[in-house]
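Place chain B on chain A using the hints.
There are 2 protein chains.
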Amino acid sequence: MDAQVAARRIDFQTEPSRYRHWRVEYAGEVANVFMDVDETGGLFDGYELKLNSYDLGVDIELADVVQRMRFEHPEVKAVVLQSGKDRVFCAGANIRMLGGATHAHKVNFCKFTNETRNTFEAAGAESGQYWICAVKGACAGGGYELALACDHIILTDDGSSSVALPEVPLLAVLPGTGGLTRVTDKRKVRRDLADVFCSIEEGVKGKRAKDWRLVDDVVPNTRFAETVQKRAAEFAAKSKRPSDAQGVALTPLERRFGEDGSVTYSTVEVEIDRDKRVARLTVHAPREDAPADMAALHGEGAQSWILRAARELDDAILHLRNNELEVGVVVFRAQGDPALVAAHEKLVLDNRDHWLANEIVLYWKRVLKRVDLTSRSLVALVEPGSCFAGPLAELLFAVDRSYMAEGDFEGDNRPVATLTLTAGNFGPYPMSNDLTRLETRFLGEPERVDAAKARVGEALEAFDANELGLVTFAYDDIDWEDEVRIFLEERASFSPDAMTGMEANLRFAGPETMETRIFGRLTAWQNWIFQRPNAVGEKGALQRYGTGVRGEFDMKRV
Amino acid sequence: MDAQVAARRIDFQTEPSRYRHWRVEYAGEVANVFMDVDETGGLFDGYELKLNSYDLGVDIELADVVQRMRFEHPEVKAVVLQSGKDRVFCAGANIRMLGGATHAHKVNFCKFTNETRNTFEAAGAESGQYWICAVKGACAGGGYELALACDHIILTDDGSSSVALPEVPLLAVLPGTGGLTRVTDKRKVRRDLADVFCSIEEGVKGKRAKDWRLVDDVVPNTRFAETVQKRAAEFAAKSKRPSDAQGVALTPLERRFGEDGSVTYSTVEVEIDRDKRVARLTVHAPREDAPADMAALHGEGAQSWILRAARELDDAILHLRNNELEVGVVVFRAQGDPALVAAHEKLVLDNRDHWLANEIVLYWKRVLKRVDLTSRSLVALVEPGSCFAGPLAELLFAVDRSYMAEGDFEGDNRPVATLTLTAGNFGPYPMSNDLTRLETRFLGEPERVDAAKARVGEALEAFDANELGLVTFAYDDIDWEDEVRIFLEERASFSPDAMTGMEANLRFAGPETMETRIFGRLTAWQNWIFQRPNAVGEKGALQRYGTGVRGEFDMKRV
Chain A
0 MDAQVAARRI
10 DFQTEPSRYR
20 HWRVEYAGEV
30 ANVFMDVDET
40 GGLFDGYELK
50 LNSYDLGVDI
60 ELADVVQRMR
70 FEHPEVKAVV
80 LQSGKDRVFC
90 AGANIRMLGG
100 ATHAHKVNFC
110 KFTNETRNTF
120 EAAGAESGQY
130 WICAVKGACA
140 GGGYELALAC
150 DHIILTDDGS
160 SSVALPEVPL
170 LAVLPGTGGL
180 TRVTDKRKVR
190 RDLADVFCSI
200 EEGVKGKRAK
210 DWRLVDDVVP
220 NTRFAETVQK
230 RAAEFAAKSK
240 RPSDAQGVAL
250 TPLERRFGED
260 GSVTYSTVEV
270 EIDRDKRVAR
280 LTVHAPREDA
290 PADMAALHGE
300 GAQSWILRAA
310 RELDDAILHL
320 RNNELEVGVV
330 VFRAQGDPAL
340 VAAHEKLVLD
350 NRDHWLANEI
360 VLYWKRVLKR
370 VDLTSRSLVA
380 LVEPGSCFAG
390 PLAELLFAVD
400 RSYMAEGDFE
410 GDNRPVATLT
420 LTAGNFGPYP
430 MSNDLTRLET
440 RFLGEPERVD
450 AAKARVGEAL
460 EAFDANELGL
470 VTFAYDDIDW
480 EDEVRIFLEE
490 RASFSPDAMT
500 GMEANLRFAG
510 PETMETRIFG
520 RLTAWQNWIF
530 QRPNAVGEKG
540 ALQRYGTGVR
550 GEFDMKRV
Chain B
0 MDAQVAARRI
10 DFQTEPSRYR
20 HWRVEYAGEV
30 ANVFMDVDET
40 GGLFDGYELK
50 LNSYDLGVDI
60 ELADVVQRMR
70 FEHPEVKAVV
80 LQSGKDRVFC
90 AGANIRMLGG
100 ATHAHKVNFC
110 KFTNETRNTF
120 EAAGAESGQY
130 WICAVKGACA
140 GGGYELALAC
150 DHIILTDDGS
160 SSVALPEVPL
170 LAVLPGTGGL
180 TRVTDKRKVR
190 RDLADVFCSI
200 EEGVKGKRAK
210 DWRLVDDVVP
220 NTRFAETVQK
230 RAAEFAAKSK
240 RPSDAQGVAL
250 TPLERRFGED
260 GSVTYSTVEV
270 EIDRDKRVAR
280 LTVHAPREDA
290 PADMAALHGE
300 GAQSWILRAA
310 RELDDAILHL
320 RNNELEVGVV
330 VFRAQGDPAL
340 VAAHEKLVLD
350 NRDHWLANEI
360 VLYWKRVLKR
370 VDLTSRSLVA
380 LVEPGSCFAG
390 PLAELLFAVD
400 RSYMAEGDFE
410 GDNRPVATLT
420 LTAGNFGPYP
430 MSNDLTRLET
440 RFLGEPERVD
450 AAKARVGEAL
460 EAFDANELGL
470 VTFAYDDIDW
480 EDEVRIFLEE
490 RASFSPDAMT
500 GMEANLRFAG
510 PETMETRIFG
520 RLTAWQNWIF
530 QRPNAVGEKG
540 ALQRYGTGVR
550 GEFDMKRV
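Going down the list, the sequences are from chains A and B.
Under numbering that gives the first Met the number 0, residues 0 to 557 are what the first sequence spells out, in order.
Under numbering that gives the first Met the number 0, residues 0 to 557 are what the second sequence spells out, in order.
Accuracy of the hints is not assured; some may be wrong.
Mimicking BS3-like on lysine-lysine, the simulated pairs with C-alpha atoms at most 27 Å apart in a straight line are [what the hints assert, rightly or not]:
hint	chain 1	residue 1	chain 2	residue 2
1	B	Lys555	A	Lys538
2	B	Lys452	A	Lys368
3	A	Lys275	B	Lys538
4	B	Lys185	A	Lys452
5	A	Lys209	B	Lys185
6	B	Lys368	A	Lys185
7	A	Lys187	B	Lys368
8	A	Lys209	A	Lys237
9	A	Lys187	A	Lys206
Not everything, but these chain B residues come out facing chain A in the computed CB check (under 8 Å) [as the list claims (entries may be wrong)]:
hint	residue
10	Ala103
11	Ala193
12	Leu324
13	Leu442
14	Asp496
15	Thr499
16	Asn504
17	Gln530
18	Met554
19	Arg556
In case anyone wonders, no lab produced these hints; they're calculated from the structure.
Note that CB positions come from ideal geometry on N, CA and C, so glycine has one too.
The shape of chain A in the complex, shown without the other chains:
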């Protein structure tokens, strides 16, 4: 698939008129989302998306559905996820696609699908959009993992519809999109029953599925539609979303790809230095004052800087992750007026009770989490003229290291480098571990969080920022260039795998949540198995799937 990946850039932008796999019916406070995968619509050649199985392309559309539901449909309070096909709910990730994919593609595919599941899983609690899964037909593997991420699962009791995680017996891999974690930690299925469940290819149906806590409702087919409607209405009644608000259209991003690999958005710029294996990602501050109030922000809609920058940053990260595999280091820069960044952020932070402000803050939270979870070495350069304030300052605490320029730089007439903390750095954008990035940073010295808080609003220069522990290193004009160059060269020379493992361990100190478990423990084991000959070798189960010949295993335990 290597050549294919190179030949074809994976695009994470889409819109309803281009969907091939999903259909959404909006009708007031309940939306119906139908999964109806086009067999011939695979992102790559070589496989057919039979039985509502999915590949990355299918998931990109789902992510778009979820995102637009949040912004374009404030009236939606409950979402019913269901199959558009007759006898199958969803067969999970397409096995032939997985069998043919590179290790890197498999890993990035799982990461993105996980992020999408997390997004609609959080939609109920955060945003008042509850997802209900209505299961008819076989719901297996990634299909059941879709259900697991919903707030409620209803299974029809038609004698054949079932839920299943058949990955282990069938494919010798794990249910890698949160399945094992959600079974034990969200649904709290008894561990021995979970063991049995994960060993049964055909899955569990009817009353047993409910008894084992695998689903919430099991209802006769004759009462299925009615029960689904009833549950949707119940969840909608819990929602605090406004019924009469006007959505904000997520218009296409302004985006231009250069031949040198650069990408230029309206607020974000990406340059690729292939020799050095470095991407430089620069976020530009707004050039105009913040909207006067929420009405004005609503009027600007997707054109508002605060929403635009989040969308562009999100797309840029996804592009780098999936299309620039040889870039080992992402360097974050920010240029412009930090006061304007802070002002634009302030409007939404001050209006969290307005659905749109809330959605924008939540979007920043998701984008920043996406940064945390990006398997590249991340570094921030706080240079003269930079605007690391509020959500952009948060980037400084997301990266593995930060370098800050100290004092005047000869021949550089941009303002001296500063960073500015805002209320945004103390709560609204928690990491997957549910702590703020500053709390995680200062686990050993929690008093430093307060010390930093006392300086909110100040444009902190390097000396102060360093004293406060907010940056890793501060260098003056004389040392800056060499220090940064040496670091980038050193980092680019390390084994990418060791970097991935090290960063995955160092970035998430402190408490664990279902999310950190999914991305830490489950993903790590899945990646390991995705390397093992028993799964991906010539005779491995994943390779042999569909050939009629079972995998052959080296039976040694490790």
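What follows is chain B alone, placed relative to chain A:
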């Protein structure tokens, strides 16, 4: 190394007169432990243990030191871990050993060293034996991980002594014995400083090591010995261990290896069915009454059933893990009088304030954790005549599944199968996640823990045990044999890697601790990296170490 492993059984039993790598000086309440590795004393051929580097053999001796300290030396309240060599503390795991080892050996080596670190790390809080690390000379990789597991680290400020985790830059693998986890979660080093620290081959010394929280004390060489003494005395003063108690000698185990792979101990029996890839491990109940009181138990010492069974079970598990790699399933059985098991346990549970009772309970806790962490499918068969009570009942909740025989079995005149809960199942043997196994089992239905507690002391037959949710399945005489056989056959046919990943995820629901992180997240990433060509391929850094040629990497990130 495969052939070597087969030719040579790894023996986890040793005793001080056979040590080649450690020296212990006992002098009242402070013991001095010297690491002085014999270069020529490697467990396998092909490498020299230079610079106090270690292999599994070195660690088996250390585990023995730690264990004997607990039982044979109740007077010890502080332990000073130090190097017996002049210019090096410890260079970590031997790289040539790792380079030559099979994947399975690397993984099992790391698991055992981790368990040993956890044991002395817990000794202070649990047992009043505090470990203090006195670092002179280079303390790198696994060497620093030894220090990290201690309660206190003192580094001499001699201009050259340093602590380091150079695995990533040097070897393209992770510090896999808890290093990354303890840096962020125990010592709470700021994550960007941890990133810098883990990238510096030569490590960090002097004041910076203290400022970054990597060590607790940095003292001039001239005051080093005195400071170490002082700290040891301070920790000893915190200890509640008795000063005048008599230790219990850990006499050699009664153990016989059969040609068919069987192992017979005094209370434990292991049979291997190689065709089925199954090991049957049977624990036998005591045949005699429990000792009348602690004085009597102390008199029996290592011959007491409750201590003997723990030691034998521990050794049997380690033997299976390391010497029987093709055994995919361990079947636990228990035979004898459950009332006697409960009575022997009761004596130690009722006397936790007696150092020996406390140590025995803690030992069972460790052995049961060792079971939890064993990468084999674990199943328990509760058959007629069985004695799953107290610590043995705990095995039922450690395994992946349990099968219980219901009612009378034709031609079997042993007592009908029962299981007996004791106070031991509700607190003293927590898992790595700090919950009891029953709490973990019933995460979704916590009221079931209370329901079970109400039945303490009853010999529960299959119907009741099943109703209470204490076993996975109950079958009568007609179905028993087939059901068990089908399960064992099915399990043995699954990919061992998928089993390992699945079990690692299903066994540890609920809260996370440093231990679950080490064995879950860190180990999983390390195992992944141990499979990646950048580390273990022909041109990988681990293979090339010591050749003067650096590793060559595929620079693609995943």
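Does Met554 (chain B) pass the interface hint, meaning its C-beta sits closer than 8 Å to a C-beta of chain A?
5 Å, holds
Please verify whether Lys452 (chain B) and Lys368 (chain A) have alpha carbons no more than 27 Å apart.
Between Lys452 (chain B) and Lys368 (chain A) the Cα gap is close to 43 Å, so the pair fails against 27 Å, i.e. violated.
Per-residue hint verdict: Arg556 (chain B), partner chain A, C-beta under 8 Å:
5 Å, holds
Interface restraint verdict for Leu442 (chain B) against chain A (beta-carbon cut-off 8 Å)
Given a least distance of 4 Å, the restraint on Leu442 (chain B) holds.
Close enough to count: is the Cβ of Gln530 (chain B) nearer than 8 Å to one in chain A?
4 Å, holds
When the nearest CB of chain A is found for Ala193 (chain B), is that gap smaller than 8 Å?
Where the cut-off is 8 Å and the nearest Cβ of chain A is about 5 Å from Ala193 (chain B), the hint holds.
Given the proposed pairing of Lys275 (chain A) with Lys538 (chain B), does the C-alpha separation stay at or below 27 Å?
Status holds; Cα separation ~21 Å.
Would you check whether Asn504 (chain B) satisfies its interface hint, that is, whether its CB is within less than 8 Å of any CB in chain A?
Check passed: Cβ of Asn504 (chain B) comes within 4 Å of chain A, closer than 8 Å.
Closest C-beta approach of Leu324 (chain B) to chain A relative to 8 Å, hint status:
Holds - the Cβ of Leu324 (chain B) comes within 8 Å of chain A, reaching about 4 Å at its closest.
Was the hint right that Asp496 (chain B) lines chain A, CB cutoff 8 Å?
Holds. Min distance 4 Å.
Assess, step by step, whether the Cα of Lys187 (chain A) is no farther than 27 Å from the Cα of Lys368 (chain B), and give holds or violated.
Holds, at about 21 Å.
Are Lys209 (chain A) and Lys237 (chain A) close enough, with their CA atoms no more than 27 Å apart?
Holds, at about 24 Å.
The structure does not agree with the numbered hints 2 and 5 stated previously, though it agrees with the rest.
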